[in-house]
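Enquirer: Now for the letters of each chain:
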Amino acid sequence: MEKLSIKSLNQDYYFTTLKNGLEIYYIPKKGFKQKYASLTVDFGSNDLEFVPIGLDKPIKVNDGIAHFLEHKMFEQEDGVGALERFSKLGVSANAYTNYTQTSYLFSGVDNFYESLKFLISYVQSPFYTEENVEKEKGIIAQEIKMYEDMPTWTLMNNARRAMYKNNNVRISIAGSVESIYRITPDELYDCYNTFYNPANMKLVIVGDIDIDEMLKVVEEVNDLSIPHQKEIIRIEKEEPECVSRKLVEDYGSISMPLFLIGYKDRENTKTPIEKLKKEIISDIIFEAIFSEGSRLYDRLYRSGLLMGDLKAGYLCQKGYEYGLVYGMSIDPKKVKEAVDEEIKIVKKEGISLSDFDRLKKKFIGAYLMTHDSVSGLANNFVSYLSIGANYLDYLDVINDISIVDVRDRLSEMFYEGSEVLSIVYPNEQKDKVL
Amino acid sequence: MDSIELIKKDKSVVSGIIFDDRFKTNQISVFFEREISKKDITKLSLLFNMMRTGTIEYPTHTDMAKREEELYGLSLGGSTTKKGNKLVGYFKVSFISDKYIDRSILDDAISYLDEIIFNPLIAYAKSPDDIFLLEKQNLKNEIEAKINDKIGYAQDRCLELMFENHPFSIPDSGYIDDIDSISQEDLKEIYKDLLSNSKKYIIFSGDFEKDSIQKILGEKLAFDGDIEIEISEPCFDVSIDKTVVEENMGTTQGKLVIGYTNGINRKDTRKRFSYMVANSILGGGAHSLLFNNVREKESMCYYISSSPDKYMQITLIQAGIEIENYERALELIRKEVEKVRMGDFTDEDISTAKKYLVNARKSMADSISSKTIIDFDRLSDDIQTSFDEETAILENVTKEEIMESFQDMKEEIVYFLS
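These protein sequences, in sequence, are chains R and D. In terms of the working numbering, the first sequence is residues 198 to 631. In terms of the working numbering, the second sequence is residues 120 to 537.
There could be a bad hint or two in this list.
[To be verified] Taking lysine to any residue and the SDA-like style, the derived pairs with C-alpha atoms no more than 20 Å apart in a straight line are:
| id | chain 1 | residue 1 | chain 2 | residue 2 |
| --- | --- | --- | --- | --- |
| 1 | D | Lys255 | R | Glu489 |
| 2 | R | Lys216 | R | Pro424 |
| 3 | D | Lys255 | R | Asp528 |
None of these hints come from the bench; they were simulated from the model.
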């Protein structure tokens with residue numbers, strides 16, 4: 198494996214690509230007992246229209262299929278579920294699906310190599326039948342209903358639907374009860390055969406392990422007969438710059454209204470480093486405006502309009518970019534007014550050098566803290582791979598950012614028609630006139 | 120674990136270091152421990168919140184936030200929580216080790232924690248009335264907001280119904296109805312009481328040197344340790360009015376919680392670990408009987424688990440189910456509980472549960488905050504067996520011991536939120 202070093206972090210890492218295109222990353226964490234491995238597929242809930250390997254016309258699949266496929270992955274032909282096998286090895290296994298990736302992972306202290314072997318082999322063995330697909334529908338339907346009971350989920354889901362007209366990020370990851378009931382085994386195989394090919398996957402390992410032993414295990418179990426293809430044609434939809442709806446209101450079982458303001462942004466970055474830099478600069482701007490040390494927060498806090506903090510951040514993802522801020526308030530529309538005023542001022546006056554310097558330190562500290570958890574480091578690393586960026590570059594990138602970068606970014610952000618306000622009111626307010 | 124090296128031990132103050140240089144973050148924690156009481160709980164809850172709104176040197180939350188940002192994003196935590204009939208309040212600071220940044224922030228970090236604990240505005244000056252009212256409102260909102268989390272709310276309600284008029288039923292955030300009448304004077308009083316009538320534990324976790332810490336403790340975080348603190352032995356009797364309680368809040372998914380008493384004494388190490396294995400077999404994860412037989416085989420629920428509380432000698436089994444499956448789910452769950460009591464599980468079930476628990480225990484060594492909490496718990500509960508000795512006991516418990524530990528499992532109440 199190729200060894201690379203990030204001097205500023207005092208951290209090495211290793212990388213290689215196997216014959217069948219599988220990329221392997223290893224980040225050593227000496228002295229840590231926990232070891233973590235994640236096999237990630239470049240296939241998420243946004244991938245709903247694509248050209249299958251070997252064909253020349255695109256097909257459309259049902260909402261929620263990537264997540265459904267992830268659930269079904271655990272089923273094995275011999276009847277012993279994958280989770281059970283991992284349990285017997287004494288490691289903790291899990292999987293998750295988001296808009297752009299599906300990850301299968303495990304973490305544990307003992308039996309690492311055997312577990313790794315099993316991780317790769319079970320992801321390479323899909324097993325879908327009419328019966329097991331039907332059974333899973335019941336479980337996933339329960340999962341969807343569990344989310345529907347969560348007001349914060351409703352808040353976020355509504356915001357995304359209002360922000361995006363065509364982009365699939367407007368569709369919730371698990372799909373809907375209706376869409377999942379339409380899924381068939383054939384459809385699952387279509388998705389699996391195209392996306393679950395080694396050249397479209399990455400293996401990330403974090404912990405204190407023996408590289409040679411690890412490579413030996415991976416090469417042993419890797420099925421080289423699986424056709425591999427890195428380039429997969431995914432049909433993207435045209436998306437307007439502006440949001441679809443500016444205001445969306447809903448109700449839930451909560452004691453105080455929840456609000457979220459989403460700020461849609463233009464996708465104008467070309468390289469992964471540019472995307473990473475844009476995300477950090479935008480994150481700094483959002484902190485400057487909304488964090489606990491800010492002028493706006495002080496004003497909102499003293500007015501009694503806010504309960505708790507404002508959480509704010511910016512996401513530069515594959516296929517979409519937006520910033521958001523959310524919290525709880527007795528009068529979300531009043532909060533929005535105050536936010537609008539503040540953004541006007543900040544766009545005019547900019548962010549002070551002392552605020553910028555101080556916030557940079559805060560970000561550096563927050564970033565370094567993520568290195569203290571094997572799973573935190575691994576999850577972040579996997580996540581940034583979806584935009585092609587290396588999470589370990591973060592410190593150097595942030596040290597490179599200047600106040601001029603912030604000024605330039607600020608002039609592009611918060612443009613006319615980019616915002617959406619999503620509110621979830623307590624159920625009791627349903628009958629009152631708003 | 121048991122990596123805590125004691126520096127000093129007085130009648131009511133204990134200080135120690137957990138040395139670990141693998142992390143980029145260091146942590147300093149101060150724990151206050153006292154007996155829980157209905158009359159003090161709300162005041163203490165409010166006090167811990169107020170103490171993080173301003174100090175003599177950093178009077179406003181903006182001053183505090185800016186100071187923390189300046190110290191490379193130092194993170195200040197503070198809260199109150201319960202351990203059976205004990206109330207534990209803590210403050211902690213987590214900050215980047217000097218090794219990874221351009222300047223040393225260690226002294227500043229300790230001074231900041233010292234400032235929060237010894238110079239809160241609420242104790243020495245008058246907090247602005249608007250801030251005081253705001254924080255009161257925030258605490259009310261915090262207590263009311265627990266309604267948002269249906270799963271957590273169902274658990275809390277079940278506990279409340281099991282231990283009416285008992286210290287175990289006192290909620291750690293306090294009572295909404297008590298908040299309005301609390302004055303700043305009340306908080307000044309309870310602050311003095313907190314400092315003098317609590318056991319205090321000061322723990323340094325991370326890349327620290329004993330000598331330099333000893334020197335610091337002479338000047339900073341200097342509590343008076345010469346007082347004897349009494350905490351009474353808790354009683355574990357439940358007082359149930361109805362054995363089945365149903366409430367309606369219009370949820371999409373039904374939340375079922377079954378409350379059991381388990382009769383497991385924290386000091387009986389072998390029995391405690393036998394029970395831990397038994398509970399893991401029953402509902403401690405994807406390997407468990409509940410997960411496989413109620414969720415996987417019957418598609419009855421999305422989440423299902425059994426969780427013991429070591430301090431209250433109880434276990435809660437909880438599941439998210441379709442409302443119309445209530446009777447069936449209850450029947451299935453009861454069947455699985457009986458299986459464990461009767462020994463209807465395999466050697467493989469035992470081995471898997473043990474592996475799972477041992478893996479979880481060993482993993483805790485990789486987190487500086489987990490290590491701190493675990494070592495604090497052991498110190499305060501006066502657990503003599505070492506962490507590794509406990510792991511060895513866990514690995515050795517027999518099937519008979521596992522079954523035996525489940526004999527006192529008694530279903531006390533069924534709570535259903537729909």
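Enquirer: Now, for every hint given, state plainly whether the structure supports it.
Expert: Here is how each hint holds up against the structure:
| no. | hint | in the structure |
| --- | --- | --- |
| 1 | D:Lys255 <-> R:Glu489 | holds, 19 Å |
| 2 | R:Lys216 <-> R:Pro424 | holds, 12 Å |
| 3 | D:Lys255 <-> R:Asp528 | holds, 18 Å |
In summary, this structure violates none of the numbered hints.
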